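The chain contents come next:
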Amino acid sequence: MMTPTATVKTFTIDGKPYSATEDETILDVARENGIDIPTLCHLEGILPTGQCRLCMVEIQGSGRLVPACATKPEEGMEIVTDNPRLRNYRKMIVELLFSERNHICAVCVSNGHCELQSVAQKLGVNHVRFAYLHPRFMLDGSHPKYEVDHNRCILCGRCVRVCEEIEGAHTRDLRNRGIRTMVITDFDTPWGESPTCTGCGKCVHVCPTGALAEKGKSVAEMAKRRHFLPYLALRRRGGK
Amino acid sequence: MKKIRLATIWLDGCSGCHMSFLDIDERLIELSDRVELVFSPLVDAKEFPEDVDITLVEGALGTEEDLHKIRKIRERTKLLVAFGDCAVTANIPSMRNPFGRDEMLKSLYVETDALNPQVPAQSLPELLPRALPLHHYVHVDVFLPGCPPSANTIYQVLTELIEGRIPDVNTLTRFGA
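Those protein sequences? They're chains A and B, same order as listed.
Using the numbering used here, the letters of the first sequence correspond one by one to residues 1 to 240.
Using the numbering used here, the letters of the second sequence correspond one by one to residues 1001 to 1177.
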């Protein structure tokens, strides 16, 4: 619905003219118009944070790269969503994600349902040029229904955001910085002992990989169900 | 028409990629008109031959022996294909890497064996500190991910390579496929 103060901005994406209202991001406009920009941390219904950097687009004239999910277009902007430079960076980001932890697709609960796996295929990542770090992580299986495997976590923060924004529990958060960052439960206590977790499972179902899963799922069995999210997000904004 | 000299080898892997290769079924007969299988677990050659056109390498590099073999293969092969996830990413064999070689051997052969606790040392190639993908040590020409790559994928990639074309594998397969 147009409010009296609403302004419409006009700009181009990949040479074609588009318009957007005040609250739309570059990614919103691109998706509305069938322009494909890859994302990992973005999820319709929770706030964008620009964390994964996969949706970076180029702004002509400035040479700057900005995250499409968290940037609003400006009047006269010339946005480029695909060129060799962007493709190179996107591939590099995905390869670095694979090298940073132990993503072994063949034995993963989310094999075949994983967004990291499918984005890798889409971007043509068929091997990783960087040295694998092979870090050592403990699994947390203390929760009666769910488990977390940090080997497969890409630190997208979806679980943190959905827990805070939609469930209102804020059980999850991130600790440390950079490569040492970890998703934690409360003050880094075992999940099963969390006094704040409601056991709703939203974090499990927004997780793009097999890092968060339901217990008892075997290889390739953990498909995520997210149909609840747009509805709950709408209710939370007070929509009908 | 001169036949393409094809070799296949199985290093630190489970042989699943070779099984999938056999799943090409009757198309193997068609392939045999175009290629000569000069070295493979499926034939009887003992020494990796010279002048190989295409080598499919299954498995990661996990031992000193694997390293020795892959270097010889690279020298003697025009087109080296990393065949399956173990060759491409080190996959399952890499699951030992976070623990370290010595800790793993101790856990497997000493701590859990009450009767004869010892790390096997004789007549076995030495384990590398970490199992790694082929391209960590040698140049790889084609990466064919999948665990295993499907028979159709293998057939399509092979027929393209035989024709002298490099196929776009990303439309055919992926990690863990």
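Just so you know, these hints were derived from the structure itself, not from any lab.
Hints may contain errors.
To be verified - Stretch by stretch, here's where chain A covers chain B in the computed footprint (C-beta under 8 Å, at least three residues): (1) 1003-1013; (2) 1083-1090; (3) 1140-1148.
Predicted model only: the values in this text are computed from it and were never measured.
Beta carbons: idealized from backbone N, C-alpha and C, even for Gly.
Checked hints:
Only residues whose beta carbon comes within less than 8 Å of a beta carbon in chain A count, and the region 1003-1013 of chain B has 0; fewer than three means the coverage is violated. Requiring three or more residues with a Cβ within less than 8 Å of a Cβ of chain A, the coverage given for the region 1083-1090 of chain B holds, as 4 such residues are present. Using a Cβ-Cβ cut-off of 8 Å, 5 residues of the region 1140-1148 of chain B lie near chain A, which meets the minimum of three, so the contact claim holds.
Checked against the numbered hints listed earlier, the structure breaks hint 1 alone; every other hint is satisfied.
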